[in-house]
Every structure is written in C-alpha cells, then in structure tokens.
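Residue strings, one per chain:
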Amino acid sequence: MLEIVGLNVRFGGVAALSNVSLKIEAGQIVGMIGPNGSGKTTMLNAISKQVRVSQDSTIIFCERDLKGRSSSQIIRLGIARTFQAPEVCGEESVLETVITGGHHRNDSSLIWCFLGDFRGRRAARDILLEAMELVKEFEIEDWANQKMSQVPYAIAQRAQICRAVMAHPKLLLLDEAASGMTPSEKDQLRLAILRLRDERKITMLIIEHDVSFLSDDLSDVMVALDAGKVIAHGLPGDVLRDPAVVTAYLGSKAAAAVTRGD
Amino acid sequence: MSTSDRLHGKLSFADVLWRRKYGFVDYRPGFFVTLGIIVAVIVLPMEGQFYVYVGALSGIYAIASLGESALLGHAGVVSLGQGGILGVGAYWTTQLLNHGVPLIWTLLSAMFIGGLIGVVIGVPSLRLTGHTLALTTLFFALVVPEIANVWTSASGGGGGLSLSSGLVSADTVLYVIGAVLIVIMFLQIRLLNGRFGRALRLARDSERAAASFGISTKAYKVAAFVYAGILAGLAGGLFAVLTGYVSPSDFDVWVSVYIVFGAVIGGLRNPAWVILGGLFVGGLPQLVDQYLGLSSIIFGVAILLIVIPPRLPIVRRLNRSLVSRGKIRLNNSEVVNP
Amino acid sequence: MGRLVALVIAGTVTGSIYSLVAVGLVIIYRATNVLNFAHGFLVALAAFLTLEIAQHAAIAVAVAAIPAILIVVVLGLAIERFIVRPISGERPLTIVVATLGVSLILEGIITRQWGSVFEAFPPLISGTAFQLSGFFVSWNQVLVVSVSLCLILLLALFFQVSNLGLSMRATSENKTVAKLLGINPNLVSATSWGLAACVGGIAAIFAAPQVSLSPDAFNTLMIQGFVAVVLAGFTSVSGAIVGGYLSGIGLNLFAGYVTSQTPETFLFVLLLLVLMVRPNGLFGKAQHVHL
Numbered sequence: 355m356l357e358i359v360g361l362n363v364r365f366g367g368v369a370a371l372s373n374v375s376l377k378i379e380a381g382q383i384v385g386m387i388g389p390n391g392s393g394k395t396t397m398l399n400a401i402s403k404q405v406r407v408s409q410d411s412t413i414i415f416c417e418r419d420l421k422g423r424s425s426s427q428i429i430r431l432g433i434a435r436t437f438q439a440p441e442v443c444g445e446e447s448v449l450e451t452v453i454t455g456g457h458h459r460n461d462s463s464l465i466w467c468f469l470g471d472f473r474g475r476r477a478a479r480d481i482l483l484e485a486m487e488l489v490k491e492f493e494i495e496d497w498a499n500q501k502m503s504q505v506p507y508a509i510a511q512r513a514q515i516c517r518a519v520m521a522h523p524k525l526l527l528l529d530e531a532a533s534g535m536t537p538s539e540k541d542q543l544r545l546a547i548l549r550l551r552d553e554r555k556i557t558m559l560i561i562e563h564d565v566s567f568l569s570d571d572l573s574d575v576m577v578a579l580d581a582g583k584v585i586a587h588g589l590p591g592d593v594l595r596d597p598a599v600v601t602a603y604l605g606s607k608a609a610a611a612v613t614r615g616d
Numbered sequence: 032m033s034t035s036d037r038l039h040g041k042l043s044f045a046d047v048l049w050r051r052k053y054g055f056v057d058y059r060p061g062f063f064v065t066l067g068i069i070v071a072v073i074v075l076p077m078e079g080q081f082y083v084y085v086g087a088l089s090g091i092y093a094i095a096s097l098g099e100s101a102l103l104g105h106a107g108v109v110s111l112g113q114g115g116i117l118g119v120g121a122y123w124t125t126q127l128l129n130h131g132v133p134l135i136w137t138l139l140s141a142m143f144i145g146g147l148i149g150v151v152i153g154v155p156s157l158r159l160t161g162h163t164l165a166l167t168t169l170f171f172a173l174v175v176p177e178i179a180n181v182w183t184s185a186s187g188g189g190g191g192l193s194l195s196s197g198l199v200s201a202d203t204v205l206y207v208i209g210a211v212l213i214v215i216m217f218l219q220i221r222l223l224n225g226r227f228g229r230a231l232r233l234a235r236d237s238e239r240a241a242a243s244f245g246i247s248t249k250a251y252k253v254a255a256f257v258y259a260g261i262l263a264g265l266a267g268g269l270f271a272v273l274t275g276y277v278s279p280s281d282f283d284v285w286v287s288v289y290i291v292f293g294a295v296i297g298g299l300r301n302p303a304w305v306i307l308g309g310l311f312v313g314g315l316p317q318l319v320d321q322y323l324g325l326s327s328i329i330f331g332v333a334i335l336l337i338v339i340p341p342r343l344p345i346v347r348r349l350n351r352s353l354v355s356r357g358k359i360r361l362n363n364s365e366v367v368n369p
Numbered sequence: 010m011g012r013l014v015a016l017v018i019a020g021t022v023t024g025s026i027y028s029l030v031a032v033g034l035v036i037i038y039r040a041t042n043v044l045n046f047a048h049g050f051l052v053a054l055a056a057f058l059t060l061e062i063a064q065h066a067a068i069a070v071a072v073a074a075i076p077a078i079l080i081v082v083v084l085g086l087a088i089e090r091f092i093v094r095p096i097s098g099e100r101p102l103t104i105v106v107a108t109l110g111v112s113l114i115l116e117g118i119i120t121r122q123w124g125s126v127f128e129a130f131p132p133l134i135s136g137t138a139f140q141l142s143g144f145f146v147s148w149n150q151v152l153v154v155s156v157s158l159c160l161i162l163l164l165a166l167f168f169q170v171s172n173l174g175l176s177m178r179a180t181s182e183n184k185t186v187a188k189l190l191g192i193n194p195n196l197v198s199a200t201s202w203g204l205a206a207c208v209g210g211i212a213a214i215f216a217a218p219q220v221s222l223s224p225d226a227f228n229t230l231m232i233q234g235f236v237a238v239v240l241a242g243f244t245s246v247s248g249a250i251v252g253g254y255l256s257g258i259g260l261n262l263f264a265g266y267v268t269s270q271t272p273e274t275f276l277f278v279l280l281l282l283v284l285m286v287r288p289n290g291l292f293g294k295a296q297h298v299h300l
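From first to last, the protein sequence lines are chains A, B and C.
In terms of our numbering, the first sequence opens at residue 355 and continues consecutively.
In terms of our numbering, the second sequence opens at residue 32 and continues consecutively.
In terms of our numbering, the third sequence opens at residue 10 and continues consecutively.
The following block holds chain A by itself, in its conformation from the complex (with noise of 0.2 Å):
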C-alpha cells in the first residue's frame, strides 16, 4: 500500500532521514520504534507531506506518486495522522475536534456553508452521528463536551485518533498516540487499534516509545530508526533483539549482552 524508497529529508546541514526505505502491506500494522531525535515524526511529516523531501526520494501509496502533493490533498488519498502533541482547537469540545475529522467528507462546497449550509445537512449528520458512536467506542464519552483545553493529555490523544478515523483513511499514522495512559488504558488502546485493522480495515503505522506496547501481538512488523536511518525491520521479535537496536536504546554494553543470551 505504502512504499517509500530512499526517502531523505534535511534541515539545513542536518540529515533528518538518509535514504529510508519501507514497505507497508495493506491491513498491516507497523510499529516504529526509535530512540529521541531518530527521525521517527519526521517520517510522519514526510508521508503526510508536511515537510520538505529531497527530490530522489520516492513516495507512492496505493500506486500514486506522493511526490507534488500539498499536505491538504494527503487527506483525499486516504491518510490521516495524529500528532504527538494533540494539535487541536482549545476552545473546542472533544466531540467538536472529533467532528472536524469528517470534515473533507462533507462534499458541500463552501459558499452554501455562508447560506446556513443546508446542502450538506445530510452528510452533517450521518457525520455527527459517527462522532458520537466512535466517541463511546474509544471511551472518551465522559468528555465529549469538554473543551480540549480542559481535558486529560490521554484524553486528547484518544480524541485525536477518533478525528482521524472519522476521516475514513486507508492509512492511518499514529505519533505517540499511547503516551500519557494508564496500563490498562493501554490495553484498551491496543484493543482498540486492532479493531480499527479488522473491522475498519484500516493500516496502521504507529510511532511509539513504549516498546511493550507495540510488541505483544499489536504490531506485524516493527522497524527500528536510528539518527535517521532504518537499522532493522521485520518481526517485533527479531528486531528487539537485534544488537544495534539494544545498542541504539541502551548502549553496546547491553546489547553484548543480549547477545550472550543474559
């Protein structure tokens, strides 16, 4: 679904990726793992076109060439992300933030919007609707009134998420979305997610430092970063214990000694 090949992103002399490449099967979920600094939100940005790549690298999802879009059209083609930093309107309620996720699936065009926006009052609807049963699914009911700038950071996080799934991606790309939670939250959380793959159909990349989270049966595929480049992939098990991984997140000392089996 997603294939990114050679994918280089620099800030002035600063190489925030060198020369990525990933694949994404439909259906999948990919965990990214990486110390701080590892490029892991660049490549958020970098899918979701939010940040400049360099011209030899190559995005395509589902067969379209990324390359050229603005990050508004990213939306139409099937992606939605959230942020690590829940990028939402304070003076909103979560329900509000919610809602906004729908918002390129009303087709009505702007100037009915000025005439009391009748047109779209159907797809208005069914969306409000939608927002509300995802809003009990994730279990943020209790909140859906608040303002943002009034709720729990776990709270927001799971307001963001539901924002992105009202905009019924393909592709969904998740930056830090479990920081913040409780053990049990977390479980529910990854409840949750793998919901999204089975009944929503819905591929997940999700960014996150709790490596536990991500391992545990959540993710197919996990991909290690480091300092902007890819220093492993393939399943949650193997890369954990991979030595460069250990190395990357504890030091060579650690990893020598994962190697000797301690």
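In case anyone wonders, no lab produced these hints; they're calculated from the structure.
Where a beta carbon is used, it is the ideal one built from N, C-alpha and C, also for glycine.
Among these hints, one or two may not hold up.
List time: in silico BS3-like cross-link candidates among lysine-lysine, alpha-carbon distance up to 30 Å [what the hints assert, rightly or not]:
1. K377/A to K540/A
2. K249/B to K421/A
3. K184/C to K501/A
4. K377/A to K583/A
5. K524/A to K540/A
6. K421/A to K583/A
7. K490/A to K249/B
8. K540/A to K501/A
9. K524/A to K249/B
10. K501/A to K490/A
11. K524/A to K555/A
12. K524/A to K583/A
Residues on chain A that point at chain B, a partial pick, calculated with CB under 7 Å [to be verified]:
13. S402
14. Q404
15. S425
16. I429
17. R435
18. E450
19. T454
20. H457
To give an idea of the interface, some chain B residues facing chain C are shown, with a C-beta separation under 7 Å as derived from the structure [what the hints assert, rightly or not]:
21. V109
22. R158
23. H162
24. T163
25. L166
26. E177
27. V288
28. S327
29. F330
30. G331
31. I334
32. V338
33. R342
34. I345
35. V346
36. L349
Add chains B and C to chain A, keeping to what the hints say.
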C-alpha cells in the same frame, strides 16, 4: 444501511437545526433572547424619530460586529478596518441610489463590494503578523475618509453626498435591519457552529492539523475576511439609507474601534450575544451624548470594566471556587447520549 | 535646490517629532508586547496641559512643559500599573481592546476640557536662528531637532550602558529567562511606559505650535508614529528612529513636490508597498504573535 438509518430518531430536528449536541455551546437561548430584544425594539411604540434612528443605528453596528466577531473570535485576526469597508459601502450605496438603481440591487452590490474589499485586504494579510495586521487594517480605515475627502467626483469631497432619490423612511429601515439581523444571526450560528467554523478555528490554532485534514488555512482566513466585508458593506449601505447623507467625518477610525468593541463585548462566540454587544456599542453613544465627550469617557470606562475585572486573579479564584463547590457548572456537562 | 533644502529641513523637524513618538511606541512594545493605542492621546494631553498651565500660571510655555510632562508620565505609569499589568498575561486582543478603551477615555477627557479651544500654541522659542541656502531656520526648529537628537542619544546610552536599560533589552528578548535572571518585569514594564510617556509628551509639545489645537489635532501625529513603527518593524528602536525621519522627510517632500492634499495617504501607500516586500517592516524580525 447508512449511519442515519441505523440511528434514526436519536437526533431531533432541533438538534440538527441548531447544531446542538455538537459541543457545549447551545445557541438557542441566546437566539431567542436576542430575537425578543430585536422584536421589542421594533414593535414598542417609540417616542419620536430620534429613537427609531438610534435603534436602526445600533442595528447597523450589530451587523458589522457580527462580521468582525467571525474574524476576531474564529479566524484569529484583528481587523480594525471594518469601519472603512462600511464607509465604502455607504458611499457606493448613495451613488447607486442617486443614479436610480433599485434599493435591493444597491444593497446586494454593496455587500459584494464589501466582500471584494475583504479579499483585497485578506490576501495580503496572510503574510502579516498579528500586530502589524491590526495596524495595517487601522490604516485602511484611516485612508478611506482621506480618499473620500480628495476624490470629490465620487464622494462629494469634504461636504459629503446626499441621498437624492430612493429615500426610505427611518421606520422602514428599522424593520429591514431587524429582519436582516434575525436572518444573519441564524445563518451565522449555523456557519460558525458547523463545518466552516470548525475548520476556521482549527486553521487558526494549528495550521498543520488543519492541513492534514484537508483545510487550507489561507482559503478559510480569506473567506472570513470576505464574510466580514460583506456584512460591513451591508451595514454601510443601510447607514447611507438611514441617514440620507454621508460625509468623510462619518467614517472616522472610531467606527472601526466601536465595531471591534461590539464584537468583544458580545463574547465573540455566540452571534446572539454579539448582536447585543453591537446594539450596545451603537446605541449608547447616541443616548448619552448630551455632553460633548462624556459618551467617550463612559464608553471607555465600560469597556475597561468589561475587559479587566473578569481577568483579575481575585475574580478568577472566586470563579474557580464556585465551580468546585458545584455552584457553577463547567460548560455543559451533559453527557453525549444519542 | 533651495526648495529641496527647505523641505528637508522641515522634514527633519517633523521627523524628529515622529521619531520620538515611534520610539516611545517601540519601547513599550518591546518591553511588554503591548501595542499602545492610547499613546497618541496620552501625549496630546501633555500639549494641552502645557498650554493650560502656561495660561493659568502666566509662565512661559517652555517652563510650563515640565509639570505637564510630569503629569503625563505619572498618568502613563498609572495606566501601566492599573490597566495593563493586571491583564498582562492575556491574549493580545484583550490588551489591544483595553488600550483602545483608555484612548477613548482620554479622548473624551480632552474633548470635554478643551473641546472648544482653538487657540494657537505658541512656539517654545521664537526668532530666527540662521539662514541656509536662502531659507530661514527658526530657533524653534533648531530646538526641536537638537533636543530630539539629545534624547535619542540619551536613550541609546541608557539602553546600552545602564543596568536598567540592559534589563529592559533582556526582557524584550526573552521575558521568561529575564525573570529567571532576577530582572523585575514590573519595573521594566513601568519604566518603559514612563519613558515612552516622557519622550512622547515632549514630541507632542514640539508638534503643538504647528497644529491648531483641537482634540483631533494630534491624531495625525499618532498615526504617523504608528506608520513609522510599522514601516521600520516593531522590534527595533533604531529602526523606529530611522522610520520616523524617513516618514517626516518623505512626507514633506511629497507635500512639497506632488500635492499638499492628504500627503499621509502617500505614506500609507508606501507602507503597503514595503509590507508586501517585507511583511515585518524594514528592520523588523519575524514575530510569532497569535492574536
């Protein structure tokens, strides 16, 4: 089976019409309160033409403040230039009416001109930051009367321009303004509480998130400028019809300032309260102006009282303790229950 | 040639006045991130008070200026302390509205007290100083330019050398870090408003002889001050000075050579052109202020 079939009957007509259950702001009470006030102002027998005039002028400010509130409260833009657009609308209307164009087309074209100016201001403004933008729009508001002074053929120069045909009684203007306010209030509630408003607010607070959901910040901000411009143009046209005479001194910078005040006093979010804010701003100076300068002082003090005390630490603490003791509810804590 | 010189001289005088106003605005903005819309009326008050005091106490205008400026400085400090400081953390829109409210109050006061006064404000010093290319330069003009330049110099020294000046510069760079370094933001805030009021008041008194005194008389002055500030960019005091002189000289040249009708419009157009090319003004740095 579509989603709406599956959950048929769980959303009432009122819910959808008023966009209730979309969030925590319920616009209905405000709408009916303001509706009542507007009707009262129109229907109550008024002693003399002066009060009719005051009522109509207040309504004109309310219309302009509605547009400004969309810019200020939802687009994150401070425009101090709406008074200028109002002035252009007024001159335009006077000229067209004097040339025999029927009122309805004149007003519609004034709205169009206002929207056009909105584009002209809006597009360059995308590159300007907050304070610079505020000042630049202020300069625009200052330039309009200057141009009117100089461009004598179009504006009659410093002496002004009288309406010589298409005259309408003040009462009629009042009725028209009242009807217009009610309609715009309703439309703006749907506009700002719906797709457009949400997109605009998200674009204001997070360009990245907006883009990732298909919202072009530029397009929406310019659209907000156009909307505010249309309303200011309409207000200007109605002003010309009401007073029957326009001159540069009618459109000094205070008009723009008062429009901003009206929007701010009205709370920026609920169009119903913004209208009340606009009515206050348009009406009070007329009613108090027995002593020269007194109305300005009262107004300034009123603005300060509205803006400062709610934000003092003592008041904030009091508010918080009232909330925690259950005396005040935070937002609408009603749980979503389709 | 002689005409050009005369216009440039007049422009320099006007420019000095605009510079002082613009500098006051920038100092306030840099120290407190507030756009002080009330500045024009505050400094206008200085001119009106000077006239009032001079007439009642039967003293020379230059002497009456001193208590008038003192009053205006105190008023500026009061505004800062009781209106701006309580809401200093709020979003800029709120503060803009507050300063607009203050300007309304001041406008009302001026209109009430001096609404029907149409007296001429006597120049501070009378008489001709010297001749330049066939045109006379008055002592008043010399006074204005020399005092302005002195003030600018003093301000520059203050900001470069004195502790308080350095504190103010630090605060304008990064308020949080400045606080962590022990700089008192309230002191910085108060000083900036006081300085701005003082310098602006002097500017208004310099400008007064050239306008027929009425409540609106100083509107142009305030507007030109703002124009100079926007032209130069908000973040630079030296830019404000340059902007002030540019405005003043440009205005006079335009009035002299093109048309004397609304020369201010020319400045607005110039401003728009500059902003198109440099949205932050000629010398400004990008500001990320979310209104």
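Tested hints:
no. : hint             : result
1   : K377/A to K540/A : holds (26 Å)
2   : K249/B to K421/A : holds (22 Å)
3   : K184/C to K501/A : holds (29 Å)
4   : K377/A to K583/A : holds (15 Å)
5   : K524/A to K540/A : holds (23 Å)
6   : K421/A to K583/A : holds (21 Å)
7   : K490/A to K249/B : violated (34 Å)
8   : K540/A to K501/A : holds (23 Å)
9   : K524/A to K249/B : holds (27 Å)
10  : K501/A to K490/A : holds (17 Å)
11  : K524/A to K555/A : holds (7 Å)
12  : K524/A to K583/A : holds (26 Å)
13  : S402             : holds (6 Å)
14  : Q404             : holds (6 Å)
15  : S425             : holds (4 Å)
16  : I429             : holds (4 Å)
17  : R435             : holds (5 Å)
18  : E450             : holds (4 Å)
19  : T454             : holds (5 Å)
20  : H457             : holds (5 Å)
21  : V109             : holds (5 Å)
22  : R158             : holds (4 Å)
23  : H162             : holds (5 Å)
24  : T163             : holds (6 Å)
25  : L166             : holds (5 Å)
26  : E177             : holds (5 Å)
27  : V288             : holds (5 Å)
28  : S327             : holds (3 Å)
29  : F330             : holds (5 Å)
30  : G331             : holds (3 Å)
31  : I334             : holds (4 Å)
32  : V338             : holds (5 Å)
33  : R342             : holds (5 Å)
34  : I345             : violated (10 Å)
35  : V346             : violated (10 Å)
36  : L349             : violated (15 Å)
The structure shown violates the earlier hints numbered 7, 34, 35 and 36.
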